[in-house]
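Below, each chain spelled out in residue letters.
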Amino acid sequence: MKAIEIRELTKVYNKSVKAVDSVSFDVDEGIVFGLLGPNGAGKTTIIKVIVTLLSMTGGSVSVLGHERPRRDYDIRNCIGYVPQDVSSDAALTGYENLLISAKLYGHRGKQAREMCENILKQLGLWEARDRIVKTYSGGMIRKLEIGQAMVHDPKVLILDEPTIGLDPVARKQVWASIRELKDRTRMTVIITTHYMEEADQLCDMIAIMSIGKIAVIGTPSELKASAGTGSIVLEVRGKPPEIPGAKSENGMITIPSANCAHELPGYVAMVASSGCEVLSARIKEVTLEDAFVKHVGTRIDEMDQWSNVKKTRKLARRMA
Amino acid sequence: MGFSRLRREIFNILTIVELEARRLRHDYTDIAVRSAQPIVWLLVFGTIMSQRNVIPTGDVSYLTFVAPGVLAQAVLFVAIFFGIMLVWDRDSGNLAKLLVAPASRVSLVLGKCFSASVRAMAQAAVVITLILILSLGIVDITLYNNPLYILLTIPVVILISAVAAGISILFATIFRTRERVMGFGQLLTLPLFFTSSALYPVTWMPWYLQWFARINPLTYGVDLLRGLMVTGDLSGAPMDLAVLVGFLVALVLACSALFKRMME
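If you're matching them up, the sequences are chains A and B in order. Using the working numbering, the first residue of the first sequence is number 1, and each one after it goes up by one. Using the working numbering, the first residue of the second sequence is number 1, and each one after it goes up by one.
Bear in mind the hints are in silico, worked out from the structure with no lab data behind them. Hints may be right or wrong, so weigh each one.
Claimed, not checked - Derived CB-CB ranges, DEER-like: (1) SER16/A / GLY246/B: 35 to 41 Å; (2) ILE138/B / TRP126/A: 49 to 55 Å; (3) SER60/A / GLY183/B: 37 to 43 Å; (4) HIS295/A / LEU253/B: 44 to 50 Å.
Stated by the list, open to error - Pairs of lysine to aspartate or glutamate residues, derived as EDC-like cross-links and limited to a Cα-Cα distance of at most 16 Å, are as follows: (5) LYS182/A / ASP28/A; (6) LYS134/A / GLU179/B; (7) LYS134/A / ASP27/B; (8) LYS260/B / ASP28/A.
As the list claims (entries may be wrong) - Covered stretches of chain B (in silico footprint by chain A; criterion: 3 or more residues with CB under 8 Å from a CB of chain A, positions within the stretch not fixed): (9) 81-95; (10) 190-202.
The beta-carbon is built from N, C-alpha and C at its ideal position, and this holds for glycine as well.
With the rest of the complex left out, here is chain A (with noise of 0.2 Å):
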C-alpha cells in the first residue's frame, strides 16, 4: 500500500486562485518525501489537503488507503501534522503541551504522562519540561511539536517546512530529531520545504513544485545526474594539454566528469606530466539548484524574492 495517492488534485482558492493545478504523485511507505519549491508554489496547500484541514476543488487524495473526504476520520487517527505557524501553545509548558496533545489523541492518566516524560527525555527537552513555551528557542519548540505530533505513533508523519527560521545549529538538531525518529519507528516522513540543502540531505525522494504544479519527480541523485555531470576544474600555468570535452579559458580548464573525486587525481597527474604547473584544483558537483534550474527555469531564491515582494505588498495594501 501507498502511504499517500494524490490524483489530479486541484485547489482553487475564492474561486479565482488556483494554488494546485492538477497535481499527481504517490508515495511509497517507510521514505522521507520532500516537496521542494518557493513560497507560493502551492506545497502547503497540498499538506493542508492530505491531513483534511482543507477540502479540495478537484481529484483524489488518500492517506494509506483512506479516501479523502470520506474517511477523514481514520486519516486523522494515523497522521501526525506539524503546521509551519507555530503550534505548540506558547501559554503552557512543554510537558503541558504534550499531555493536552496525548489525552486528544486517547490516552489517559498514568500512561498519557510517563508517555509524555518519554518523549520529553527522548527529545532532550526534559531539563525545560516546565517552562513556558515562550521562553523556547525556536529549535526547541519544534522538536516539542514534533512530539506532540507523535504522541499516537503515527504512520505517517508531515512536517510544513519545519526549519523556517531557525539557524544552522537548531536546524541540524531538528534534521537529527526528523532522521533518529524515522530509524526507530519506520514511519513515512513527508516534508516541505524552500532549503535546497534540506530537502538533499533528508529526503529520500523529492518533488520539485513551481506555481501549482511538479516539475519533476526523483530521488536526489536522479534529479541532480538529470541537471548534468559534476566538473573538475583545474588552475594551471603554462599549456595545458588537449583534454577530449574539456574547455580551456584564461588558465582555468574545466572537465566534465560523472565521478569528479575518482578522476581528479589522474587529470591532475596527466596535466603536471604535460610540463604544465597545476596551481589548484577542485570540483563542481551538480547541485539540486542545479536541478531546480533545469526544471524549473528559474532559480528558487529569484522566485522567493519575487513572491515575497507580492505578499509584502499584498499586506500593505490590506493595511492601508
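Assemble chain B onto chain A, guided by the hints.
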C-alpha cells in the same frame, strides 16, 4: 456513533477545557482586571439609580435587584469576545492542531464554548465573592439566604457563557478576522445587556423592546440568576434552562457546520 466513540468525544471536550484552564492558571491578570468593571456597575451605576428610586424593583432594593444582572454582564463580557481567541488560535498553528486531531467538530466547538465557561467561572467566582462581601452590611444588598442556591449559580454561569461564546464563535467562523469579530462582539454586547432584565424589569421596557428581551438569551440567564440569588423563586427555571440549552444546541450545530471555513 458507538458508546466508546461517545466517551472519547466527551474526553476530547474535557481536554480542550483543560487546555483553557491551564492557560488561565498561567495568566489570570485578565480576570483580575475585568473584575473592576462589575464593581463599578454595582457601586456607581447601582448606587445612583437606587438613590433616585426610579426603577420599580418590588420589595427588594435596587442594588439587590441589579446584583445578578451585574454578574450576568461580567460573564457575558468574558464570553462574547471568545471568538477572538479562536481567530488567534487560527493565525498561530494552534487551531490546525486541534482540527487534525481525531475529534468531531461538535466536540471542538463545545470544548471551545466550555473553555469560555472556565474563564467566566473564574470571573463569576470573583464577582460573587465581592457581592457577598458587599452584602455584609456594607451596601444595601440582601441575597436569598440559601448557600446551595448561591452554588447553583455556577452551572448557570457555565450555561450563559457557553451560549455567549457560541455566538462569538459563530462570528469567528463567519467573519474570520480579529477586527470583525471584535466589532460584531461590541455591536451585540450592549443590546444584549440592555434588552435583558439585568438593569430593570422587562415589564419596564416599551413593548417592542420587550419583544427583543424575549428572544435575548441573557434575559433567561438573568432570570435564573435572580431566582437563585435574590428571590428564591425558581418557577421560571425550566423554561429558562430550556431556552438557554436550545440556544446552545443551535449555536453549536451552526458553528460545527461552519467550522471548516476557519481554515479556508
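Is LYS182/A close enough to ASP28/A, meaning Cα to Cα at most 16 Å? 14 Å, holds
If you draw a straight line from the CA of LYS134/A to the CA of ASP27/B, is it 16 Å or shorter? OK: LYS134/A and ASP27/B at ~13 Å, within 16 Å.
Can you tell me whether the CB distance of HIS295/A to LEU253/B sits inside 44 to 50 Å? Since the Cβ atoms of HIS295/A and LEU253/B sit about 49 Å apart, the hinted range of 44 to 50 Å holds.
SER16/A paired with GLY246/B, Cβ distance criterion 35 to 41 Å: With a Cβ separation near 39 Å, SER16/A and GLY246/B satisfy 35 to 41 Å, so the hint holds.
Pair hint outcome, LYS260/B versus ASP28/A [Cα-Cα no greater than 16 Å]: 29 Å, violated
For the pair supplied as a hint, LYS134/A and GLU179/B, is the alpha-carbon distance within the 16 Å limit? 25 Å, violated
Checking C-beta pairs, does the segment 81-95 of chain B have three or more residues closer than 8 Å to chain A? holds (count 4)
Range agreement (Cβ of TRP126/A with Cβ of ILE138/B, hint 49 to 55 Å): With Cβ atoms ~52 Å apart, the hint holds.
How does the segment 190-202 of chain B fare against chain A when you require at least three residues with a CB closer than 8 Å, holds or violated? violated (count 0)
Pairwise beta carbon distance, SER60/A to GLY183/B, judged against the given window 37 to 43 Å: 40 Å, holds
Hint violations for this structure: numbers 6, 8, 10, all remaining hints satisfied.
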